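Each chain sits in its own coordinate frame; assemble them with the hints.
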Amino acid sequence: MKDFAFHRPKTLAEAVALLEARGDAKLLAGGQSLLPVLKLELAEPSDLISLADVEELGDIRVDGDRIVIGAGCTHDTVARSVDVQKRLPALASLAEHIGDAQVRNRGTLGGSVAHADPAADYPAALLALGATIATDRRRIAADDFFKAFFETALARDEIVTAVHFPLAKRAAYIKFAHRASKYALVGVFVAETAAGIRVAVTGAAAVAFRVPAMEAALAKQFSPDAIAGIVIPADELNGDAEASAEYRSHLIGVMAKRAIQACA
Amino acid sequence: MTVQGVGASPKRKEDRRFLLGKGRYTDDIVLQDQAHAVFIRAPYAHAAIAKLDASAARAMPGVLAVLTGDDVTAAGLGGIPCGWLVKSKDGSNMVEPPHPALAIGVVRHVGDPVAMVIATSRAAAKAAAGAVEVDYDVKPAAGRIAEATAANPPLVWDQAPGNICFDWHIGDAANVDAAFAKAAHTVELELTNSRVAPNAMEPRAANGFYDAASDHYTLYTTSQNPHLTRLLLAAFTLHVPEHKLRVVAPDVGGGFGSKIFHYAEELMVLVASKRVGKPVKWTSDRMEAFVSDAHGRDHVSKAQLALDANGKFLGLRVQTLANLGAYLSTFASAVPTYLYGTLLSGPYDLPAIYAEVKGVFTNTVAVDAYRGAGRPEASYLLERLVSKAARQLRIDPIELRRKNLIPADKFPYQTQVALAYDTGNFQATLDMALERIDYKHYADRKAASAKRGKLRGLGISTYIEACGLAPSALAGALGARAGLYEAANIRIHPTGSVSVFTGTHSHGQGHETTFAQLISGRLGIPIENVEVVHGDTDRIPFGMGTYGSRSAAVGGSAIVKALDKIVDKGKKIAAHLLEASVADIEFADGLYRVAGTDRVKAFGEVAFAAYVPHNYPLETLEPGLEESAFYDPKNFTFPGGTHLVEVEVDPETGVVEIVDVASADDVGVIINPMIVDGQAHGGLAQGIGQALLEEAVYDGDGQLANDSFLTYTMPRAADLPMFKVGNHVTACTHNPLGVKGVGETGAIGVPPAVINAVLDALAPLGVTDISMPATPEKVWRAIQAAAGKQA
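Residue numbers (the numbering used here), protein chains in the order written: chain L, 1 to 264; chain Z, 1001 to 1791.
Chain Z with its partners taken away, still in its complex shape (with noise of 0.2 angstroms):
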């Protein structure tokens, strides 16, 4: 029983029960009289549905019902909606066709729901699926961002000639004109950002209820957002108050991004349950995953960089194509808008920037966040671009860093695109993953590979991020249709135990731990008297959710809130008990006291008056000690630093290893420097992921080539080698525990470094460009085509 506060690393309390196998997950509810649903998903990327018959299915044991986009039109159920309005430069808003929840009349990618079955088994609805017809009149697809925009493409939607949703722009294109104009050296790249399948390890699932004795729905479903998921329920899809309405986002397994929107599944399964006056409940397969989870990243670009003859940074030019997939997601616009193009200045003194990102419907499945959710594009496409510059110019790329990141003292920072950049430190962070890795040493360790046969290279990365969204009334004009602040809500008990209630969700972040320490240590009471609860409409006031690493410094500072209540109340209390002013009440270590004496009250005291109001100042103090709070952060935060990979190809084979990986972030100030460490090498790991494993494939007609594990390569133990993780502290200036965020660092900073050494080990070879993932065969024929060219 002990005080752990902010900087101690107490053991995660969840884990007990995610170790022994105890942890409730949506798919472990099963409510009485539990049916179960599956979804008929189009074969086809683009297709119209010519017949649709499902009298045979509905007559088989155990259906319950069949229902299909004539049903969702007959309900008069809401399509899915957007939350963020992006507009392209002339003014106009992106387009936004409808998003129905099954498809009428048309599918557009493959895995777009077609039909819902309901039987009173998994396996009867199963069995029913099979024998529902469907025939299809196949169109034309555009599978890839190459075939949406060639001349003449398939149109995914008549509405969107090119099948262009926006094309925005941001910066200031005739400053960037005028620094190419007197630029020594300009760099040209061309590069893609690889498509990935976010791959939770547990796959959605959604349990809905809905109870016509009390006219009330309750919706369990894997969320990183409940109350985000109510109110597009409430406003959007399914058209019922917010009191006729509870979700419920139980243990959630990993989300990734994915699990943040929301998704028909959710719409459904409630419908179906007020249909058959059942329960409802649906859990996704693996396969079914791949094609029904909003996937990551898949942005195609050329960008420009002019440098004087010092190698100092003048201008940069960026164009970009961003796969939106065939239906807008809940953030989809704004991801590679807002968290795109705001970031291109990354850690560096830029003075002109001017960027253009066109959105391109495309017959797949969406594309929204996924871990670092443009940030990640930004910092690739910006990494990739230094490098290439300093290989071209003949400087160092660690020095060519060094000239152009934004001094220490230069903070705050208004960047080109937008963002104001309240503290940061990279020279420290630069320094710190040098010495990590020992950088001193490495042409011993580049002569040693060789000698084994292997080309050894050096990558680097450095990188910011815009994290804790957001400051709702920025994020508004910009067109975000949702606030983005946090809530809290901290109960104190009798015996002076704690319930904290936070709106954020906790799917693997270990909040159940963070959190309690803000109070453990805040209130001087044991974390083990500190319980924290999220996840459920019902118990918690209000929230946006988790993504975006916003938790702590949203959530957290939105706790801190209440918590300076409890404690202001408590002085109150404590005066009265003590007899004193409430000028004269300290609170220190759970105890408050007359400053200057030894005349105290615990906290558990003050509770305890508070709930057994004998003694008290009833005539001006209301009973109870329970306080809630909101907290609408005043700026973005900003964690940056240095990523170093170290890798080995086999020239042979092209097979890379990943040999060494050190990171210095820094991320504020740091709760639990344990949770901390296991954020970065999580981030590290899916970074990794991309940059040499992973990739969603899709051909040209919309098929996806990999949907399974079986050949969807998934980072493994044995592929990533120990990490080093280090951490330099600034804290963010603008929110009460100067704290910025840790989720995303390593998927962000990381990629480019992988590949930038990967480049840097096949430079002697005349190698100039890999694309992400860089597999074996990929660096083999690399290889092999500039032997040819030097041949």
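In isolation and in its complexed conformation, chain L is listed as follows (with noise of 0.2 angstroms):
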């Protein structure tokens, strides 16, 4: 790991500051990523922003028909938040299962959404549920937020502040996680929410997606027999080690029923 000079902001301006301040720096929000690969050298920053100390970015809070949740919550006080488990137990499941209790200790909600891996959990969610992603100057939609393979809508001086995630009618998330790293090789959210019924997926493509074939189909017919014969091509996905493209494509459609019996 090669030297760097670390900041620890208590508000959130102070941080937007130095962020802009300093070109080559990298926020700090759990790490969960970001240490391994400073470990391998594989970044090099010149500067650390910690947000653990930024407060605004702490708490969780039911705002009608929403649940809003700090940046800074980590998976593990998303997971025990008994609001969430009560109005969106989807949600509190799928932090449940994030990777293992160190990663979940230590991880953030803001720092996943901003990383956007493709193979993270929570961008499936945010997919599914419709939900709001709020930064230091502006709310973007989560369809708009996840551009690309670790791309996102957000500027390089931004920072995420909270997510707003509508409540849901039914909703349940369905894991099958590589063996290894217990990220998903296919995680499929599906949600029925005011806005209607969403199915998306992660940890299958470059950047988590929705199936807007499934969802139509559900909307006729919300049973795991309403999106049999829908597939996902392989071409569209994923191939490593780990799993194929076809057999990513196959697990699609199995998480995706599986999904949608548990969300009975």
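Hints are computed from structural coordinates only; laboratory data are not their basis.
Wrong hints could be hidden among the right ones.
[What the hints assert, rightly or not] When the alpha-carbon atoms are kept at most 20 angstroms apart in a straight line, the in silico SDA-like pairs for lysine to any residue are as follows:
#, chain 1, residue 1, chain 2, residue 2
1, L, Lys2, Z, Lys1778
2, L, Lys39, Z, Lys1451
3, L, Lys182, Z, Lys1778
4, Z, Lys1778, L, Asp240
5, L, Lys39, Z, Lys1778
6, L, Lys39, Z, Arg1122
7, L, Lys39, Z, Gln1784
8, L, Lys182, Z, Arg1122
9, Z, Lys1126, L, Met1
10, Z, Lys1778, L, Pro224
11, L, Lys2, Z, Lys1126
12, Z, Lys1451, L, Pro224
13, Z, Lys1451, L, Gly239
No experiment lies behind these values; they were computed from the predicted model shown.
Rendered as structure tokens:
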């Protein structure tokens, strides 16, 4: 690991100012992806700006038909939140199954969302629930947020502050985890919110994506049978040593079916 | 303060420091003025070093030296030797290529060390390593057995045509031909034994210190056998006599075989220390470990079994290609030959066996002993083949085994592949395992699984292993270049406490407890009064270390021999003190007694008299109470048993869940039942790891595809059910404790049981073969392929 300057701002404004001032700075928001990258010297930032002391990022609150979760909440905090467990149990369950206990104790919602790892769990939830990402300067719909492989709509000096999750009439997330890393090989989030039924897939491609054909089929008939025969072609999916694109394509169908069953 | 002898389960004495984080591992040792080393390793599997320029690196801050192959040559260092000479069928010696500590001119596997950077800090060494310029001319590589044995393959070594190191055989080909000629049935199987990376929790490390004032070297290293490392350094690589060389293996966090071997880094930290005048430490990181620790297994085999009309085995024919990697590691040649071919009779009465093994060089890191070492490969081949025979002949796999297991009254049993099994009772362990897994109600469980959409399968493996390495004369006749006895020294202190010095090494096995039990029980003294010392060539007379489940059988026997001497000398002292004849003195429960009387002297009183010899037979007996013993085993020991595995397969995803495991082992007399259970659990976890999860995947060009825990799947608690482990004891007949060994049972017995269970579950779908590891996608594809065939 190369040397870097370390900052612990107390406020969002300070953090943004630091980020603007330091050309080659990285935000540290749990570090579960960043620290391994630093250790392997795949990134060599000049500065690390820790968000751990920024109080504005910390809380979870229910706001009408939404739950607003601060970007600084760890996965463990989300999983254990009584509000999330009661009002959006599929999201609590998703958080409870991210990585392992050590990852859940340090990794944060904001860090995960901003990093946009294509195999992370949260992107599926954000897309399927139609969440809104709040930043220090604006709000971005999830559909507009995840752009490409490790690429989001965030400006270089923009900081995620919270995610607004609409409550769901029913929702479930089923993950087929990589056996070693526990990242999603394929994770499917199915949700019915006030805005309708949505199906989102993570882990299978360069970026999490929705499956409009399944959404339309489920709108007509909410049952596993409704999506039988809807196949995401393998040539649009990732293949690697752990799982070929064909296998991922197959798993999307199976996980979607199981998520629909779990919704009932 | 209690006496805890053989059969007791005291908590492990060593766990206090381990659980408190107070263990002292090699990397914890920081010497005055400590310098640090990193190795630059080849990124290519096969390449000529076109240019190696360290001048910029040498000028960087903190850099003390950069050593290359030229320095290895200039210093006259010896190559890393192979410890076992295997001869080919035609009587010729195996090909033994050079194995320089740093590559000279050519690199032959990813991870091959090219240069060593020594600096005042690890960070400085790493930074400088980045500044060493190395240009490579990449050559074609043989990344796997398939590429290495193809027509006109890239040659790892010019002196090994076809990449063949040896072409070895065992058994009687003519007998086997005759058996097949009269067979009612023949069963054939082609299979691979997958390659695994050892992944001990503690990566390897070495800290070398040359003291110019006394012209003396000290090496701290992660070793399973510090005396062997010293011997190889002295005789082969460093060329420094033993009295100028101390090797210490302090706490070591797991080995599984990978820390038996003498590695280049151990040599180079000593050389570097002399060069820079400071102690030099190297600690591997995990990714470095993946490409520099010797791997395990990696066989491709064809096997044929001949049976008569009743299902009795008539003959076995085996052809195996065994991957050795690019360089011959310390025991690389012995593992796929004398630790594999000799085990191909398994627990069966098998009248004719012939096996041919070709050792194959590839452009990969070395392959050597890994928990079980050769015996798991034999067990996997045989148990897959027997279960395939059962299916082919429509005989219950349990009944087919019963028909062919060596009957308990046929011991000692001479196999057709050199070994003589002294004792065992395979029927008893089979019955015990069936009872433990509740075999009677298996059909109900299978039906219940089916209701949940799951395919349930039951897999069986009846296995034997040869442990307690090894009778030195026999091993020597077979090509071993070292003796395989063990040494012990027992020092009774004046107040009756005891230090026992053993040449075996504990790196998770719990010797500090089990060996203390041997002393406590025999001398009738509290276990707290016994200290077990291991891992330091300056403190221990000699030893060959710990591997092959040898520590209790060989090291424990040496301790017993030394104890015999202690007890006998104590009798002479007690006879004097009690004014009785030595012949009348008995020793039991810590008391020397004049037989049939109440006249006694406690062991502690006798010990005190030995060191304060005021009333002592000095004319006929030396004072003091300290004895040494060397023990050379008369035979191997033969643990064995039955492993049963139940799996549930999700036919939609191919996921295999292990739902039950029952093992019934015969490990001989058990010293500490808790520790034996723990060893069984660890071995089972490791065996299941290979069967379902782990595989070191090289591509054809010799790149290791999974070199971190992000992609290499280690078994975790959540992957495993609660194990039902049991033991049926038949005592080993030829060592004083009756112990056989327990370290490897799980890793040897369980992998074929897992795969047999998966195949049993998938049989209704028409799946007939699956290779390790049975990953979800592999199982799913097998199901798809079978469905395609049936459609």
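Margin query: Please list, smallest to largest, the hint numbers that this structure does not respect.
Written below: Numbers 1, 2, 5, 7, 8, 10, 13, in rising order.
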